[in-house]
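Residue numbers (my numbering), protein chains in the order written: chain P, 1 to 127; chain S, 1001 to 1276.
Mixed in with the good hints, there may be bad ones.
Cross-link-like lysine-lysine pairs, in silico, DSS-like; alpha carbons within 30 Å at most [what the hints assert, rightly or not]:
{"no.": "1", "chain 1": "S", "residue 1": "Lys1226", "chain 2": "S", "residue 2": "Lys1027"}
{"no.": "2", "chain 1": "P", "residue 1": "Lys104", "chain 2": "S", "residue 2": "Lys1226"}
{"no.": "3", "chain 1": "S", "residue 1": "Lys1037", "chain 2": "P", "residue 2": "Lys104"}
{"no.": "4", "chain 1": "S", "residue 1": "Lys1037", "chain 2": "P", "residue 2": "Lys21"}
{"no.": "5", "chain 1": "P", "residue 1": "Lys2", "chain 2": "S", "residue 2": "Lys1125"}
{"no.": "6", "chain 1": "P", "residue 1": "Lys21", "chain 2": "S", "residue 2": "Lys1125"}
Derived CB-CB ranges, DEER-like [said to hold, decoys possible]:
{"no.": "7", "chain 1": "P", "residue 1": "Ser85", "chain 2": "S", "residue 2": "Ala1272", "range": "19 to 27 Å"}
{"no.": "8", "chain 1": "S", "residue 1": "Gln1136", "chain 2": "P", "residue 2": "Thr11", "range": "50 to 58 Å"}
{"no.": "9", "chain 1": "S", "residue 1": "Thr1250", "chain 2": "P", "residue 2": "Asp38", "range": "34 to 42 Å"}
{"no.": "10", "chain 1": "P", "residue 1": "Asn43", "chain 2": "S", "residue 2": "Thr1250", "range": "39 to 47 Å"}
If you are wondering where the hints come from, they were derived from the structure by calculation, not from laboratory data. Backbone N, C-alpha and C fix where the C-beta goes; we use that ideal spot for every residue, glycine too.
Single-letter residue listing:
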Amino acid sequence: MKAIVIDDSRTMRRIISSILKGVGYEVLEAGDGREALDILTENPDTDLCCIDWNMPVMDGLSFVIEVRASREWRNTTLMMVTTESERGQIVKALAAGAHEYLIKPFTPEAILQKLELLGLLPIEENA
Amino acid sequence: MSITQENFQFIADLVRARSAIALAPGKEYLVESRLSKFARDEGVTVDQYVTRRRTAMSHSDTELIVEALTTNETSWFRDSQPFTALSGHILPALTQTRGTLGSLRIWSAACSTGQEPYSIAMTLKQYFAQSAYQPQAEILATDLSQQVIDQAMTGRYSQLEVNRGLPAANLVQYFDRRGTEWEISAELRAMVRFRRHNLLDPAPVGGPFDVVFLRNVLIYFDVPTKLKVLRTVHGALRPGGFLVLGAAETTVGLDDSWDRVTVGRSSIYQKAAITA
């Protein structure tokens, strides 16, 4: 499973990446939406993008709109992970094509429960 | 940084021996997050913490660890399977045997702070949204603790609570933002009644029920008590009604008055349609 963590905060990228790696994801990181589109172009097999809203160059909502406009990435699941917590913002992101929405701050369990909802939590069979 | 398979297995064996709760592979994250506080107190990683406990474990350590891993963390649509079974099997089966469902009564026993009954309410709303008729649905939610009942009745949840297992689409459909909290909508609140109830007492008024959710409760009881509670629930169900238990629980080998029905990866239990 492959994920791209898109956030302009290095600390936040590290936190989310380590949770995803912990359940077996290969993780790539991007500091804004434009950089993420470049990474996604090179990695069309990406399963999941965790997307911050407020970022320089290209924000998270614009990134979601760009990704949904292309058929090539129709199998990529998009999850907003942001401090934006107004109801209207959540509606807007879902309408633009985000599959899920997680509000910061969150616990590691909350992110994994979202993955479970999305059918994107890998189960390790080796025990 | 993450826990080794060996240490995970050690904790899983300990928890299973003490609580009959199975921590399946894939639940490493649960061990990591629940034990992180203890590890932090000692300034070590969770893996190091477990390694230490494997050589020297006091009785209170055992209690702490088992409690941390078995405490009912209430999340929305917890374990997801029971809700899939409700919309995918139980509601169609009840509709088929009863023709149209004029009324539908569901008992959420041990409802804690309300996430389960409200998740049931959301499942019903979505199921009957496609349907030509709307049954009169009543959900009775009970718990032993007045404190959690009081909290559930406020219908308000923190940001952290709505992050846990609740699909974002449901959040915007069924909740309103109130300051830093989210309040469940009036239409869902109208479907649920909360009441304090002890499972060792006779069934609460409000039955007979079509479905009873009794999840992760029986595991805490000894065999005679389990049987007593199962008899109470059996008596409170309509013929053909369904019982939903927790993933680690079963009636099999305890009480043979139920038919086990396998739905996907979970089991539900049905009371015989015609009782002798």
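Pair hint Lys1226 of chain S and Lys1027 of chain S, alpha-carbon separation not exceeding 30 Å: Judged against 30 Å, a Cα distance of about 27 Å means the pair holds.
Distance restraint hint 34 to 42 Å, applied to the beta-carbon atoms of Thr1250 of chain S and Asp38 of chain P: The hint (34 to 42 Å, Cβ to Cβ) is violated, given that Thr1250 of chain S and Asp38 of chain P are roughly 52 Å apart.
Straight-line alpha-carbon gap Lys2 of chain P to Lys1125 of chain S, limit 30 Å: At roughly 35 Å apart (the allowed maximum being 30 Å), Lys1125 of chain S and Lys2 of chain P break the hint.
Restraint check for Lys21 of chain P with Lys1125 of chain S, where alpha carbons must lie at most 30 Å apart: violated (37 Å)
Given pair status - Lys104 of chain P, Lys1037 of chain S, alpha carbons within 30 Å: OK: Lys1037 of chain S and Lys104 of chain P at ~20 Å, within 30 Å.
Gln1136 of chain S versus Thr11 of chain P beta-carbon gap, inside 50 to 58 Å or not: Given a distance of about 52 Å, which is inside 50 to 58 Å, the answer is holds.
Range hint 19 to 27 Å (beta carbons of Ser85 of chain P and Ala1272 of chain S) holds or violated: Violated, since Ser85 of chain P and Ala1272 of chain S (Cβ atoms, about 49 Å apart) do not stay within the stated range.
Hinted pair Lys104 of chain P and Lys1226 of chain S, Cα distance within 30 Å: The hint is violated at about 41 Å.
Thr1250 of chain S and Asn43 of chain P - C-beta distance against the hinted 39 to 47 Å: holds (44 Å)
Holds or violated: Lys1037 of chain S to Lys21 of chain P, with C-alpha atoms at most 30 Å apart: holds (21 Å)
The structure shown violates the earlier hints numbered 2, 5, 6, 7 and 9.
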